[in-house]
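2 protein chains.
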Amino acid sequence: MKLYGYWRSSAAYRVRIALNLKQLSFENLPVHLVKNGGEQHSDSYKALNPAQLVPTLVDGDLSLNQSLAIIDYLDEMYPQPALLPEDTAAKAWVRALALDIACDIHPLNNLRVLQYLTGPLALTEQQKLAWIAHWLSTGFTALEQRLAQSAGQYCFGDSVTLADICLVPQVYNAQRFALDLTPYPHIRAVYHNCLQLAAFALAAPEQQPDAQ
Amino acid sequence: MKLYGYWRSSAAYRVRIALNLKQLSFENLPVHLVKNGGEQHSDSYKALNPAQLVPTLVDGDLSLNQSLAIIDYLDEMYPQPALLPEDTAAKAWVRALALDIACDIHPLNNLRVLQYLTGPLALTEQQKLAWIAHWLSTGFTALEQRLAQSAGQYCFGDSVTLADICLVPQVYNAQRFALDLTPYPHIRAVYHNCLQLAAFALAAPEQQPDAQ
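As given, the protein sequences belong to chains S and Z, one line each in that order. The numbers in UniProt numbering rise by one with no breaks, and the one at position 57 of the first sequence is 57. The numbers in UniProt numbering rise by one with no breaks, and the one at position 101 of the second sequence is 101.
Simulated from the structure, these hints should not be mistaken for lab results. Only true hints are included.
Sample of chain S residues at the chain Z side, in silico, Cβ under 10 Å: (1) 64; (2) 99; (3) 104; (4) 108; (5) 138; (6) 141.
Note that beta-carbon positions come from the ideal geometry of N, C-alpha and C, so glycine has one too.
Sequences are here, hints too, so could you generate the full structure?
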């Protein structure tokens with residue numbers, strides 16, 4: 001399998017964690033999102049992924065985008081260890097936690113959005129940072145309350161799930177933008193516990209060959 | 001089952017379509033997103049959904065947010081008609097199409113984001129409309145290319161799937177903001193075909209009791 005990604009992309013980071021948890025080997029193909037006007041806009045990458053976003057997973061003839069769809073694919077192809085609980089209601093809860101991050105937090109602070117804020121909208125650096133902090137704290141406040149209902153060692157009890165795979169890159173991103181994590185004890189604890197696992201530690205941005 | 005929603009919310013609209021496709025009856029509980037400073041911010045709704053977003057589905061003891069998690073839950077509890085293909089690769093493709101809308105288009109043009117643009121950022125109406133048009137056209141351009149690969153009568157061949165459930169509310173939203181749909185023939189055709197089905201037609205915003 002080939003994974004087109006970028007060291008600091010939260011969405012690529014999620015897929016790296018899932019691949020590591022499944023102990024799957026993969027070819028890591030960096031797409032530099034900033035250099036050369038953004039390699040994701042190159043003709044060759046656009047042919048692979050018309051949304052010009054990372055990640056893209058290529059497995060034989062299948063070329064797949066969207067990190068959560070990729071992770072579902074991996075979980076079905078390689079069921080051990082399972083990334084979702086078996087129980088229907090529990091599974092839905094975990095999916096909702098993952099989507100709380102993937103739909104309500106991450107898309108708003110993505111590189112292309114920040115580029116639109118400071119480009120066409122000509123916002124100041126201070127306004128951009130306030131925007132980032134606003135959506136991070138809004139999202140984390142809700143997430144913290146949900147984790148208070150379901151977290152054990154991880155987001156849902158004591159097994160690693162899709163929710164943890166989404167949480168860790170989002171906390172990494174929040175730390176990069178200096179969000180104060182004091183109000184979020186469950187988020188901090190789960191993040192800490194996940195980073196003790198090799199699958200998470202080895203997927204960290206700084207461990208990637210294209211990290212700068 | 002109880003569905004807390006809002007007539008014009010794309011995410012609530014998705015869940016209404018899924019419930020109709022499964023022929024499930026439900027209690028439609030409107031949460032007015034604008035009146036009274038936004039009823040989603042009331043203490044009673046916050047207790048149900050700390051993210052202060054719609055929809056929320058309540059089924060017995062389970063209270064579930066995130067439209068895609070809700071739809072997955074319904075699809076597992078009430079398997080007929082299936083909303084995802086059986087084949088693993090096809091299923092992942094359909095999930096990716098749904099997420100192309102749910103992660104890459106919808107969150108950027110959501111009410112709370114538009115309120116931040118015109119509130120704290122004090123953007124003009126024209127800048128707000130340009131923002132909406134930018135993310136709609138960026139997302140639809142990529143989606144159109146993917147549909148060219150997989151669409152038949154619907155987004156994936158000739159069966160209704162989760163992708164159609166996400167597409168129809170997003171096209172409704174695009175029309176509301178007067179996006180020119182000429183460049184997107186596959187999107188237009190699928191939208192047209194879906195609206196011929198009662199499950200989609202009855203879920204339309206204007207058909208809801210809280211429509212104004």
